[in-house]
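Participant: Residue numbers (our numbering), protein chains in the order written: chain A, 7 to 203; chain B, 191 to 414.
Don't read these hints as lab results, they were simulated from the structure.
Do not take every clue at face value.
To be verified - With beta-carbon atoms standing in for the labels, derived distance ranges: (1) B:ARG351 to A:LYS132: 54 to 62 Å; (2) B:TRP334 to A:ILE17: 50 to 58 Å; (3) B:GLN413 to A:VAL123: 55 to 63 Å; (4) B:ALA302 to A:GLY69: 37 to 45 Å; (5) A:VAL176 to B:ARG240: 31 to 39 Å.
Just so you know, these numbers come straight off a predicted model, no measurement behind them.
From the three backbone atoms N, C-alpha and C, an ideal C-beta is built for every residue, glycine too.
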Amino acid sequence: MRGLVIALAVIALVLVGIVAWAVGVNNRLVRLEQDVNEKWAQVENVYQRRADLIPNLVETVKGFAAQERNVLTEVTEARARATGVTLTPEALNDPRAMERFQAAQGQLTGALSRLLVVVERYPELKSHQGFLTLQAQLEGTENRIAVERRRFNEAVRDYNTRVALFPGSVAARFAGFQPKAFFEAAPDAATPPKVKF
Amino acid sequence: MNDYARLLPPDARQRLETRLAEREQASGAQMVIAIFPSLEGESLEDFGIRLAERWRVGDRKLDNGVILLVFVEERRLRMEVGYGLESVLPDAAAAGIIREAVTPRFREQRYAAGLEAAVDAVYARVETRSAPATPGPARGVSPWVLGLLVLFGVVALLLAREAMSTSGRARRSAYTAGGRRGWGSPAVVVPPWWGGGGRRGGGGGIDFRPGGGSFGGGGASGQW
């Protein structure tokens with residue numbers, strides 16, 4: 007009889023131990039996921055910042071080079087598309103959603119670099135104070151985008167690693183944690199050429 | 191003022207250090223200048239943000255740090271602006287300071303003058319645009335707390351000096367041998383000679399006290 011009680015007590019202790027460990031894994035993942043979401047919010051922040059600069063930029067360029075209608079329209083439309091694609095925290099698990107977001111932003115990047123190439127042909131515009139200001143702000147924003155993307159990827163890496171590590175992965179899968187998508191560098195997503203004056 | 195490239199003569203360096211210290215004291219924002227011989231093939235912006243993350247210039251809560259990086263061989267420079275100063279010193283302003291205050295003087299090889307102008311320009315913006323910061327020590331601290339802090343500080347100092355004499359890390363010459371130097375928690379009362387004593391025999395120390403500030407990649411680059 008005593009043997010049975012002891013056996014049951016041991017089993018109970020082991021069960022409690024497992025539950026405690028699983029809770030630990032869960033909480034760690036919650037915290038890492040929170041970090042990923044925060045970093046994502048920062049990424050969206052800086053992309054929005056870039057989008058906010060564009061109307062001003064288009065107006066300034068129009069003041070000197072209104073005939074470059076194609077490029078200006080391209081930028082305006084690309085901006086509209088890019089601001090239309092946002093990702094909710096849940097969508098961060100979906101690589102396709104991430105790809106769509108990146109593609110939209112990548113198109114805007116491309117349109118901007120084409121615009122800056124066009125600007126090269128207008129010396130008055132290039133030396134215009136307002137344009138120089140916008141140019142500096144744009145470069146700063148592109149740099150910020152690169153920084154926040156890197157930090158986001160680091161957060162995703164930490165989270166994904168923790169989700170995948172055994173035996174934590176068992177508990178993670180049980181609780182519904184899934185790996186998240188990285189921000190990949192698309193093959194032709196170039197930063198706008200730094201225009202040297 | 192960290193002149194790893196020995197670009198400036200010692201008296202110019204000293205003048206800059208004093209100026210930086212005074213301005214930091216007056217406004218609270220921490221500005222650090224670092225002159226490197228070469229970028230060694232790295233990307234300017236990449237180097238800048240990684241250095242900023244390592245050095246943690248500026249206050250932990252206010253993120254009010256500025257780093258001015260100069261690369262002699264490539265003739266390029268970059269100003270990193272902490273999160274907290276982005277409204278006061280936006281990218282366009284940083285670019286303007288580099289373009290107007292620094293590069294013309296650098297082109298004439300008047301490096302010290304260029305750097306001094308940069309310091310003045312940065313702090314001019316900081317001082318006119320930020321809300322006046324409440325000076326820390328002016329808050330009423332009870333004499334008991336003060337006494338305990340001093341006591342704690344002295345004890346910690348003695349312990350830290352013990353630890354420092356046995357640590358072999360003093361000679362690390364990597365540029366980014368930054369914030370973690372085993373001096374203990376920020377709560378320790380820091381001796382006044384720390385600020386100038388970062389250089390160990392002219393090698394690789396940093397010459398300022400990291401405050402824990404964060405950076406987001408804002409600022410501007412330039413070349414001369």
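Participant: Now tell me, hint by hint, if it's right for this structure.
Facilitator: Hints, verified against the model:
In this structure the supplied range 54 to 62 Å holds for ARG351 of chain B paired with LYS132 of chain A, their Cβ-Cβ distance being about 58 Å. Range check, TRP334 of chain B to ILE17 of chain A: Cβ separation about 55 Å, and the 50 to 58 Å hint holds. Roughly 20 Å separates the CB atoms of GLN413 of chain B and VAL123 of chain A, a value that falls outside the hinted 55 to 63 Å. Separation of ALA302 of chain B from GLY69 of chain A is about 40 Å and conforms to the stated range, judged on CB atoms against 37 to 45 Å.
A hinted range of 31 to 39 Å holds for the C-beta pair VAL176 of chain A and ARG240 of chain B, which are about 37 Å apart.
In summary, the structure is inconsistent with hint 3 from the numbered list given earlier, while agreeing with all the others.
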